[in-house]
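All chains, full assembly: derive it from the sequences and hints.
Next come the chains, spelled out residue by residue.
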Amino acid sequence: MSAVGNVMRRSFVPRRGGGVPVGLFVAIFAAMILIAIFAPLIAPYDPDRQNLLGRLKAPGTEARDVFYLLGSDELGRDLLSRVIYGARISLSVAILSVLLSGCVGTALGMLAGYLRGWVGIVVMRLVDIFLSIPAILLAIIMVAVLGPGFVNVVFVLALTRWPRYARVAYGQTLSVAEQPYVRLARAMGAGPGRVLFRHILPNIIAPLSVVATLEFGLMVLFEAGLSFLGLGVQPPMASWGAMLSVGRNYVSNAWWIATFPGICLFLLVLSVNLIGDRLSDYLNPKSR
Amino acid sequence: MTDAQTLEIRDLSVGIGPHDVVDGVDLSIGRGEIVALVGESGSGKSLTALALMGLLGGAVRQTGGRATLDGTALDLGDDAAMRRLRGTALAMIFQEPVASLNPLLSVGAQVAESLVVHGRATRREAWDRAVEMLREVGIPAPERRARQLPSELSGGMCQRVMIASALISEPRLLIADEPTTALDVTIQAQILHLMRRLRDETGTSVLIITHDMGVVASVADRVCVMYGGRIVEQAEVHRLFADPRHPYTKLLLATIPRMTGGHKSELFSIEGRVPDLADWPEGCRFRTRCPLADGKCAERPPLAPPGSDPGHLAACWHSDRVEDLT
Ligand SMILES: Nc1ncnc2c1ncn2[C@@H]1O[C@H](COP(=O)(O)OP(=O)(O)OP(=O)(O)O)[C@@H](O)[C@H]1O
Ligand SMILES: [Mg+2]
Numbered sequence: 001m002s003a004v005g006n007v008m009r010r011s012f013v014p015r016r017g018g019g020v021p022v023g024l025f026v027a028i029f030a031a032m033i034l035i036a037i038f039a040p041l042i043a044p045y046d047p048d049r050q051n052l053l054g055r056l057k058a059p060g061t062e063a064r065d066v067f068y069l070l071g072s073d074e075l076g077r078d079l080l081s082r083v084i085y086g087a088r089i090s091l092s093v094a095i096l097s098v099l100l101s102g103c104v105g106t107a108l109g110m111l112a113g114y115l116r117g118w119v120g121i122v123v124m125r126l127v128d129i130f131l132s133i134p135a136i137l138l139a140i141i142m143v144a145v146l147g148p149g150f151v152n153v154v155f156v157l158a159l160t161r162w163p164r165y166a167r168v169a170y171g172q173t174l175s176v177a178e179q180p181y182v183r184l185a186r187a188m189g190a191g192p193g194r195v196l197f198r199h200i201l202p203n204i205i206a207p208l209s210v211v212a213t214l215e216f217g218l219m220v221l222f223e224a225g226l227s228f229l230g231l232g233v234q235p236p237m238a239s240w241g242a243m244l245s246v247g248r249n250y251v252s253n254a255w256w257i258a259t260f261p262g263i264c265l266f267l268l269v270l271s272v273n274l275i276g277d278r279l280s281d282y283l284n285p286k287s288r
Numbered sequence: 001m002t003d004a005q006t007l008e009i010r011d012l013s014v015g016i017g018p019h020d021v022v023d024g025v026d027l028s029i030g031r032g033e034i035v036a037l038v039g040e041s042g043s044g045k046s047l048t049a050l051a052l053m054g055l056l057g058g059a060v061r062q063t064g065g066r067a068t069l070d071g072t073a074l075d076l077g078d079d080a081a082m083r084r085l086r087g088t089a090l091a092m093i094f095q096e097p098v099a100s101l102n103p104l105l106s107v108g109a110q111v112a113e114s115l116v117v118h119g120r121a122t123r124r125e126a127w128d129r130a131v132e133m134l135r136e137v138g139i140p141a142p143e144r145r146a147r148q149l150p151s152e153l154s155g156g157m158c159q160r161v162m163i164a165s166a167l168i169s170e171p172r173l174l175i176a177d178e179p180t181t182a183l184d185v186t187i188q189a190q191i192l193h194l195m196r197r198l199r200d201e202t203g204t205s206v207l208i209i210t211h212d213m214g215v216v217a218s219v220a221d222r223v224c225v226m227y228g229g230r231i232v233e234q235a236e237v238h239r240l241f242a243d244p245r246h247p248y249t250k251l252l253l254a255t256i257p258r259m260t261g262g263h264k265s266e267l268f269s270i271e272g273r274v275p276d277l278a279d280w281p282e283g284c285r286f287r288t289r290c291p292l293a294d295g296k297c298a299e300r301p302p303l304a305p306p307g308s309d310p311g312h313l314a315a316c317w318h319s320d321r322v323e324d325l326t
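Residue numbers (my numbering), protein chains in the order written: chain A, 1 to 288; chain B, 1 to 326.
Hints may be right or wrong, so weigh each one.
Claimed, not checked - Facing chain B, from chain A, some residues (calculated, C-beta under 8 Å):
(1) 180
(2) 181
(3) 183
(4) 185
(5) 186
(6) 187
(7) 188
(8) 190
(9) 191
(10) 193
(11) 194
(12) 202
(13) 252
(14) 280
(15) 283
Said to hold, decoys possible - For each label pair, taking beta carbons as the anchor points, the in silico distance ranges come out as:
(16) 206/A / 124/B: 28 to 34 Å
(17) 135/B / 115/A: 37 to 43 Å
(18) 26/A / 152/B: 47 to 53 Å
Since the hints were made in silico from the structure, they are not lab data.
All C-beta atoms in this analysis are idealised placements derived from N, C-alpha and C, irrespective of residue type, glycine included.
So this is what it looks like as structure tokens:
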């Protein structure tokens with residue numbers, strides 16, 4: 001293999017494992033975050049500006065001074081701008097629901113693992129119950145009851161997903177709490193709060209962050225699924241999932257409406273999952 | 001020196017399920033006294049110490065006993081009350097030095113922990129005192145070491161870090177569970193010297209748990225010998241070495257290699273092994289392995305003075321025949 005090839009290999013392909021160029025996917029993920037943050041600077045047009053004379057234009061066409069790089073949708077809105085703004089919704093729903101469910105799940109799991117006794121039993125039975133119901137079904141039912149909308153979607157996703165973190169935090173806390181260094185901290189007078197936050201939490205954060213990464217991809221998909229069913233964030237705001245849902249009606253004559261958001265979703269979830277996998281390999285080399 | 005008692009415990013029992021792993025232990029430690037607790041692996045030494053710190057947990061429960069610290073009653077089961085004493089009046093050093101340090105915190109922060117927890121110093125002062133303490137336990141370049149993680153230190157250094165973390169609180173009672181096992185002979189001597197100095201300077205009482213009769217001889221004032229969760233003999237150190245009155249003690253002493261050269265600290269090896277918790281016999285628990293055992297031993301012998309010295313206690317029906325054992 002050529003020298004250049006070797007350098008490429010070393011920077012992109014991990015030493016062991018499936019030979020997936022994680023660096024590339026980290027770059028994709030980072031780019032999407034940046035696009036979401038700087039959407040107003042990047043998007044060529046207002047994503048909500050309708051143009052009834054420019055409906056369903058194919059990618060690369062122009063109508064009334066608007067150049068549709070990725071085509072236009074059924075109301076003549078610029079698809080590129082909508083995809084760029086859609087990143088904001090897809091990503092922020094995922095980030096917020098991961099943060100919320102991660103904090104709640106971790107806190108409950110740690111308490112259950114540290115206190116054990118009836119607190120542990122109650123929390124872990126609740127976890128079992130939640131995890132035995134298909135999560136997407138639970139989410140659909142709850143959104144249907146609470147009504148759609150950004151806040152409700154985040155709330156419902158957090159409510160369905162906290163048990164994943166709780167289960168991991170519980171198991172990890174059980175084992176870390178038995179560690180001699182926790183006993184030493186207690187022997188120095190550290191109370192439960194200090195033991196949990198200063199001595200246990202930092203030592204269990206690694207596996208939890210793996211769960212969070214994998215959950216992130218799932219949250220993007222859940223949000224897309226809810227939006228696809230019309231239960232997600234409401235128009236005119238549109239996430240990639242919602243755009244997919246609209247585009248579905250036009251696949252035969254305007255394939256681009258569903259295709260571009262779909263590709264974005266695919267790349268985002270793929271990147272996050274691969275990053276999560278690699279993170280988990282890196283953090284526990286034994287499980288390879 | 002040993003008029004005022006720092007710690008007194010009466011009838012301490014610790015159970016795991018239906019079994020008494022520590023069974024009616026009486027122990028008193030005078031002010032500035034160094035008491036050694038010796039016995040084979042599994043005899044309940046660590047559990048006695050953990051009970052004194054109020055750190056039993058899980059399946060292991062204190063099932064009885066009263067304790068006083070400097071004359072004030074202690075409720076070993078009251079976690080909030082015990083927490084105020086841990087890291088102030090009571091400090092403990094544990095068996096596994098490396099595993100006893102948090103892998104993600106700098107050693108300086110861990111030495112300073114008890115001062116910070118109890119708000120006895122600001123973060124800065126606590127850090128400076130931690131560095132000072134690291135210097136005192138013989139860690140070279142303590143300013144630099146204090147910022148390192150435990151994984152960057154050797155096992156011996158971790159042990160000294162843990163000792164520093166206990167000494168920094170200037171406890172009234174220091175419990176040291178095998179404080180020198182992981183160390184080589186020179187550092188071991190240094191640590192024992194440090195403990196004696198601490199005792200001399202601050203009047204701290206020390207309960208030192210060890211397998212090593214060499215350590216006992218060099219540091220302890222008084223010795224308690226434990227077997228099967230009970231104290232079987234207790235005496236002032238020279239008395240115990242010169243005139244053991246329990247067959248178990250006699251056999252323990254016989255297993256010390258002669259002090260030729262630097263090599264000592266052998267583990268005990270007495271005929272047979274400590275029975276499992278469930279298999280302890282009625283009466284004297286040592287009788288299944290004891291060369292002097294007879295029918296009388298099915299009854300539990302009291303811990304009483306076998307001779308005229310009221311400070312020398314042995315729990316054996318045949319303490320007068322122990323001399324004849326070889
Ligand atoms: N958490 C626990 N759960 C169940 N059994 C335990 C627990 N801790 C200790 N034991 C048992 O209690 C008995 C006494 O243990 P302890 O640790 O006090 O012994 P030790 O005298 O300190 O021995 P060593 O010299 O090996 O440290 C042993 O038989 C041990 O197996
Ligand atoms: Mg022990």
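Hint check results:
Below 8 Å, beta-carbon pairs count as interface contacts, and residue 180/A has one with chain B at about 4 Å; its hint therefore holds. Proximity of residue 181/A to chain B holds as hinted, the smallest CB-CB distance being about 4 Å (cut-off 8 Å). Proximity of residue 183/A to chain B holds as hinted, the smallest CB-CB distance being about 6 Å (cut-off 8 Å). The interface hint given for residue 185/A holds, since its Cβ lies 7 Å from the closest Cβ of chain B, which is under the 8 Å cut-off.
With a cut of 8 Å, the hint placing residue 186/A at the interface with chain B holds, because the nearest CB-to-CB distance is about 6 Å. Using the Cβ-Cβ criterion of 8 Å, the hint placing residue 187/A at the interface with chain B is satisfied: the shortest such distance is roughly 4 Å. The interface hint given for residue 188/A holds, since its Cβ lies 4 Å from the closest Cβ of chain B, which is under the 8 Å cut-off. Interface hint at residue 190/A: satisfied, since its Cβ lies 5 Å from the closest Cβ of chain B, which is below the 8 Å cut-off.
At its closest, the beta carbon of residue 191/A sits 6 Å from a beta carbon of chain B; the interface hint therefore holds under the 8 Å criterion. Nearest Cβ of chain B to the Cβ of residue 193/A: about 11 Å, over the 8 Å cut. The hint is violated. Satisfaction of the interface hint for residue 194/A is found here, the shortest Cβ-Cβ separation to chain B being roughly 6 Å, below the 8 Å cut-off. The restraint placing residue 202/A at the interface with chain B holds, with a minimum CB-CB distance near 5 Å, inside the 8 Å limit.
The criterion of a C-beta within 8 Å of any C-beta in chain B is not met by residue 252/A, whose closest approach is roughly 57 Å, and the hint is violated. Nearest Cβ of chain B to the Cβ of residue 280/A: about 19 Å, over the 8 Å cut. The hint is violated. At its closest, the beta carbon of residue 283/A sits 13 Å from a beta carbon of chain B; the interface hint therefore is violated under the 8 Å criterion. For the pair residue 206/A and residue 124/B, the beta carbons lie near 31 Å from each other, so the given range of 28 to 34 Å is met.
Between residue 135/B and residue 115/A the beta carbons are some 40 Å apart, a value that agrees with the proposed interval 37 to 43 Å. Restraint check, residue 26/A to residue 152/B: a C-beta distance of roughly 29 Å breaks the suggested window 47 to 53 Å.
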